[in-house]
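There are 4 protein chains.
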Amino acid sequence: MFHETSLRVRYAETDKMGIVHHSNHIIWWEMARTALLRDIGLPYSELEARGVACPVIEIHCRYRHPAHFEDELVVRTTIMEVSPVKIRFAYEIINPRTGTVVATGESLHAFTDMVTGKPTRLNKSHASVWQTLLSGGKAYFMESQG
Amino acid sequence: MFHETSLRVRYAETDKMGIVHHSNHIIWWEMARTALLRDIGLPYSELEARGVACPVIEIHCRYRHPAHFEDELVVRTTIMEVSPVKIRFAYEIINPRTGTVVATGESLHAFTDMVTGKPTRLNKSHASVWQTLLSGGKAYFMESQG
Amino acid sequence: MFHETSLRVRYAETDKMGIVHHSNHIIWWEMARTALLRDIGLPYSELEARGVACPVIEIHCRYRHPAHFEDELVVRTTIMEVSPVKIRFAYEIINPRTGTVVATGESLHAFTDMVTGKPTRLNKSHASVWQTLLSGGKAYFMESQG
Amino acid sequence: MFHETSLRVRYAETDKMGIVHHSNHIIWWEMARTALLRDIGLPYSELEARGVACPVIEIHCRYRHPAHFEDELVVRTTIMEVSPVKIRFAYEIINPRTGTVVATGESLHAFTDMVTGKPTRLNKSHASVWQTLLSGGKAYFMESQG
Numbered sequence: 029m030f031h032e033t034s035l036r037v038r039y040a041e042t043d044k045m046g047i048v049h050h051s052n053h054i055i056w057w058e059m060a061r062t063a064l065l066r067d068i069g070l071p072y073s074e075l076e077a078r079g080v081a082c083p084v085i086e087i088h089c090r091y092r093h094p095a096h097f098e099d100e101l102v103v104r105t106t107i108m109e110v111s112p113v114k115i116r117f118a119y120e121i122i123n124p125r126t127g128t129v130v131a132t133g134e135s136l137h138a139f140t141d142m143v144t145g146k147p148t149r150l151n152k153s154h155a156s157v158w159q160t161l162l163s164g165g166k167a168y169f170m171e172s173q174g
Numbered sequence: 029m030f031h032e033t034s035l036r037v038r039y040a041e042t043d044k045m046g047i048v049h050h051s052n053h054i055i056w057w058e059m060a061r062t063a064l065l066r067d068i069g070l071p072y073s074e075l076e077a078r079g080v081a082c083p084v085i086e087i088h089c090r091y092r093h094p095a096h097f098e099d100e101l102v103v104r105t106t107i108m109e110v111s112p113v114k115i116r117f118a119y120e121i122i123n124p125r126t127g128t129v130v131a132t133g134e135s136l137h138a139f140t141d142m143v144t145g146k147p148t149r150l151n152k153s154h155a156s157v158w159q160t161l162l163s164g165g166k167a168y169f170m171e172s173q174g
Numbered sequence: 029m030f031h032e033t034s035l036r037v038r039y040a041e042t043d044k045m046g047i048v049h050h051s052n053h054i055i056w057w058e059m060a061r062t063a064l065l066r067d068i069g070l071p072y073s074e075l076e077a078r079g080v081a082c083p084v085i086e087i088h089c090r091y092r093h094p095a096h097f098e099d100e101l102v103v104r105t106t107i108m109e110v111s112p113v114k115i116r117f118a119y120e121i122i123n124p125r126t127g128t129v130v131a132t133g134e135s136l137h138a139f140t141d142m143v144t145g146k147p148t149r150l151n152k153s154h155a156s157v158w159q160t161l162l163s164g165g166k167a168y169f170m171e172s173q174g
Numbered sequence: 029m030f031h032e033t034s035l036r037v038r039y040a041e042t043d044k045m046g047i048v049h050h051s052n053h054i055i056w057w058e059m060a061r062t063a064l065l066r067d068i069g070l071p072y073s074e075l076e077a078r079g080v081a082c083p084v085i086e087i088h089c090r091y092r093h094p095a096h097f098e099d100e101l102v103v104r105t106t107i108m109e110v111s112p113v114k115i116r117f118a119y120e121i122i123n124p125r126t127g128t129v130v131a132t133g134e135s136l137h138a139f140t141d142m143v144t145g146k147p148t149r150l151n152k153s154h155a156s157v158w159q160t161l162l163s164g165g166k167a168y169f170m171e172s173q174g
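Residue numbers (the numbering used here), protein chains in the order written: chain G, 29 to 174; chain B, 29 to 174; chain U, 29 to 174; chain Y, 29 to 174.
Any given hint could turn out to be false.
Identical chains blur together in the list; that is why a pair holds if it fits in one copy or across any two.
[As the list claims (entries may be wrong)] Under the rule of at most 20 Å between Cα atoms (straight-line distance), these lysine to any residue pairs were calculated in the SDA-like manner:
#1 LYS152 with TYR39
#2 LYS146 with GLU32
#3 LYS146 with ARG92
#4 LYS114 with HIS88
#5 LYS146 with ILE47
Don't read these hints as lab results, they were simulated from the structure.
Only a predicted model underlies this, so the values are computations on that prediction, with no experimental measurement involved.
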């Protein structure tokens with residue numbers, strides 16, 4: 029199953045080619061994964077308040093079809109992989125009106141300690157966060173993992 | 029009466045002070061006024077398709093209280109002033125949960141011809157757009173004008 | 029006298045109108061005033077390290093001529109007003125090649141304590157910062173103050 | 029050989045984690061490759077004026093070390109691969125002061141016709157652009173290609 033987040037393209041997100049600038053997809057992914065976390069009871073602001081950060085280690089995006097100002101897009105997010113030290117999300121941005129896939133991609137994140145900046149093992153350092161992530165997140169695991 | 033647009037603060041909109049970077053309010057205003065125009069039957073993408081641009085001539089923003097990541101904010105927009113050559117919007121961004129006013133401000137826009145870039149008199153050059161703006165927009169005129 | 033900061037317009041800073049999106053001027057001002065502060069021996073990162081923040085209270089921008097991708101622009105910055113509790117900068121963004129004024133504006137900032145977020149009187153709380161600001165900054169005071 | 033572009037981190041490019049938001053690297057790459065093209069006599073604004081666009085098809089970024097406000101960074105750019113239908117750039121962002129690699133990555137672009145939006149074979153459609161790209165660009169080919 030995937031999680032869905034809707035957004036409407038802002039004028040400021042376009043560029044002189046008349047379409048959405050490609051850097052915005054990275055920000056939309058962030059909206060989508062923080063919405064997913066919020067929906068499973070782990071708001072990212074609360075994660076940080078508990079001392080856990082989840083910095084981006086790697087991103088990979090493939091652009092398929094341009095998006096335009098005022099388009100209503102949907103970001104479909106799944107959890108590709110999760111372990112006590114990292115989490116990988118996959119994204120598909122679609123335009124429901126036209127039925128096109130705008131872009132697909134993945135982001136890989138480490139779990140780190142907000143204070144030291146060092147990697148942390150979530151199951152040891154924040155066991156309740158880890159349990160909530162596993163139990164709530166499984167609804168959004170990719171089928172191969174489900 | 030004011031028009032309302034909701035938004036949730038994105039992580040990318042924060043800065044190292046831990047709060048929303050002040051440049052984002054300008055982009056939120058744009059979201060809000062394009063939503064207002066869309067709601068009265070004048071989507072900005074359609075305005076442009078008809079050859080009318082509405083570039084920003086002046087902005088003025090007063091920041092009152094910081095906004096934070098994941099806050100749900102509301103932009104209340106009114107039309108302060110409209111004539112065949114210009115339109116002025118006023119904005120109040122509030123945080124409904126805390127009851128605070130995040131910021132207030134205004135933006136002034138000219139009506140211009142997309143092709144020549146020159147000012148245009150909307151009632152002459154695009155009479156039906158002008159009529160729709162007046163009839164639909166009056167719901168959002170400031171009281172002093174209403 | 030004014031302080032000068034150069035920049036070249038990025039593609040991502042344009043919008044579908046084919047020109048620079050108006051929100052970028054606010055970010056360019058920030059670059060310009062942090063460059064001014066750095067040049068007088070008060071890097072903003074160091075100010076924050078000493079516990080002083082300088083949040084934006086108000087901005088006012090008038091857009092005169094559009095700027096385009098790859099334009100080399102200059103931001104001319106002056107200190108309009110400074111006191112132990114606030115500082116006001118004025119900006120003029122010009123395109124030296126065309127001789128046009130792209131935009132003019134001002135920003136008003138409070139001095140606050142990074143920890144409490146409360147206003148601070150810089151001459152009391154951080155006397156050496158205050159002295160450096162006065163002595164270094166006076167080169168960039170507006171003539172009326174010089 | 030690589031092409032070098034310098035930049036200084038803007039305050040607006042940071043996020044509440046206190047470091048540069050990861051979406052900015054994508055924009056810095058764009059600055060870097062447009063600077064490379066300008067330096068070999070093919071300003072991207074001129075490419076577009078001649079009817080050639082070069083949209084991003086794919087990006088891949090690996091984040092190694094955080095960058096901070098006011099850091100002076102260098103983007104080292106090489107041309108990994110070029111053909112009449114596509115071009116692939118590789119980037120390494122370094123912090124010369126600390127000697128750290130901030131991030132590495134690649135972007136893949138198609139050559140398209142600005143009017144139709146369709147892929148174009150640059151050697152056929154714009155032979156002089158193609159010749160300039162090959163002759164000027166070879167200074168920045170990766171060693172394996174040089």
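The hints, checked one at a time:
no. : hint              : result
1   : LYS152 with TYR39 : neither (45 Å within a copy, 27 Å between copies)
2   : LYS146 with GLU32 : neither (31 Å within a copy, 31 Å between copies)
3   : LYS146 with ARG92 : between (36 Å within a copy, 13 Å between copies)
4   : LYS114 with HIS88 : both (16 Å within a copy, 18 Å between copies)
5   : LYS146 with ILE47 : between (39 Å within a copy, 15 Å between copies)
The structure does not agree with the numbered hints 1, 2 stated previously, though it agrees with the rest.
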